[in-house]
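Could you put the whole structure together from the sequences, leaning on the hints where they help?
In order, the protein sequence lines correspond to chains A and B.
Reminder that position 198 of the first sequence reads as 198 in our numbering, one-by-one numbering, no gaps.
Reminder that position 86 of the second sequence reads as 86 in our numbering, one-by-one numbering, no gaps.
Derived from the structure by calculation, the hints contain no laboratory data.
Watch out, some of these pointers could steer you wrong.
[To be verified] Facing chain A, according to a computed beta carbon distance under 8 angstroms, are these residues of chain B, among others:
#: 1; residue: 9
#: 2; residue: 10
#: 3; residue: 13
#: 4; residue: 14
#: 5; residue: 18
#: 6; residue: 43
#: 7; residue: 108
#: 8; residue: 115
None of the values given here were measured: they were computed from a predicted structure.
Even for Gly, the Cβ is constructed at its ideal location relative to N, Cα and C.
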Amino acid sequence: MEIKIGRNVLEANELTAARNARVFRENTLFALNMMSSPGSGKTTILEKTIEALREQLKLAVIEGDVYTEKDADRIRKYDIPVVQINTHGSCHLDAKMIKDVLPSFNLKALDLLIIENVGNLVCPAEFRLGEEARVAVLSVPEGDDKPMKYPLLFRESDVALINKIDLLEYFDFDLERVKEEIKTINPKIKIFALSSKTLEGFADWLSWLKDNVQK
Amino acid sequence: MHESAMIDNFVEIIENKVKEYNVKKVTKIKLKVGKLTCLCPGTLKSCFEAVTGEKDLLKDAVLEVEEVPLKACCESCGQTFLLENNNFFCPFCQHPYIKIVAGRELFIESVEVEEDGN
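Pasting the structure below:
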């Protein structure tokens, strides 16, 4: 006998993500999900973003890693609320992990919550967390072929940050071609080429953030 | 690897559904996995066997995975087409704004079961 089921396996995550999104909206909190491979510079971008915006916005961070509190320790020095999630094996954060740590924050008092996902170019794109915007980070040393190799991440993101442009002279990285390729995958995506070291290009990223938080 | 978390989720969906019937065991599970879904059908099958090996209801079930091709619909001319080679634009009118309509699934289509004769 055949029994029809017709169910989406990811629906449990989708439902929890929708619940998280509702909670963020009710608390007028802008939540961002930053995704990339390990070593692209997400945490450094986050540090520089916090340094620039903490006088103007109430910020909080959720760090996601398989193991260690290393990234949360880096954020703690800014004296803003931060929680580290360790997945102990899972290669991405999911909506339930976010839901479980939200009671650690005074959400009403926050303007911007940045979630730094586990370093991975594949799976995080599959799992919504309830965020309002998704940011894909790519860095120059990783190579200029990554968007075409990992299209889902760029397709699913609202912003692409191309980091470490201070290293362009040392690598065969065709910046204009990468931007074109990202746009062919997702014509609606906003692209910011920047350096978290020299802060070149950082102002445009910060403007985008402030404009969207204050909307 | 997250296929094991997925398997837990879909084992739960199946167990909850078959409770409505007089089922002795599940013999086949038909799953649709989209081409752009970040799951490896081979790993999915291995994880499935590992998780269900001890469950009488599911231990003999064969996982049949159908890969769903990536399909999109143009937001300008409305035509539907297969999306190939990461060409995320309409092949008919070249418009860049397209909506993916298939190929992102992780869908349990149906199960085949052996009914409990008792």
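Next item on the list: So, residue 14 of chain B near chain A? Judge it on the closest CB pair being under 8 angstroms.
Entry: Constraint on residue 14 of chain B satisfied, holds at 7 angstroms.
Checklist line | Interface hint compliance - residue 13 of chain B to chain A, C-beta minimum distance less than 8 angstroms | finding: Hint holds; residue 13 of chain B Cβ to chain A Cβ min 5 angstroms, cut 8 angstroms.
Notebook entry, point to check: Does the CB of residue 108 of chain B sit less than 8 angstroms away from some CB of chain A?
Noted result: Holds: closest Cβ of chain A sits about 4 angstroms from residue 108 of chain B, inside 8 angstroms.
Check: Would the hint on residue 10 of chain B stand, with a C-beta cut-off of 8 angstroms toward chain A?
Finding: With a closest approach of 5 angstroms, the residue 10 of chain B hint holds.
Check: Do the numbers back the hint for residue 18 of chain B, that is, is its least Cβ distance to chain A under 8 angstroms?
Finding: Since the shortest Cβ distance to chain A is 7 angstroms, the answer is holds.
Item checked: chain A contact restraint on residue 115 of chain B - CB to CB distance below 8 angstroms -> holds, 6 angstroms
Note to self: For the restraint on residue 43 of chain B, tell me whether the closest CB of chain A is nearer than 8 angstroms.
What the structure shows: With Cβ-Cβ at 12 angstroms, over 8 angstroms, it is violated.
Notebook entry, point to check: Hey, does the residue 9 of chain B contact hint survive, CB to chain A under 8 angstroms?
Noted result: holds, 5 angstroms
Hint violations for this structure: number 6 only, all remaining hints satisfied.
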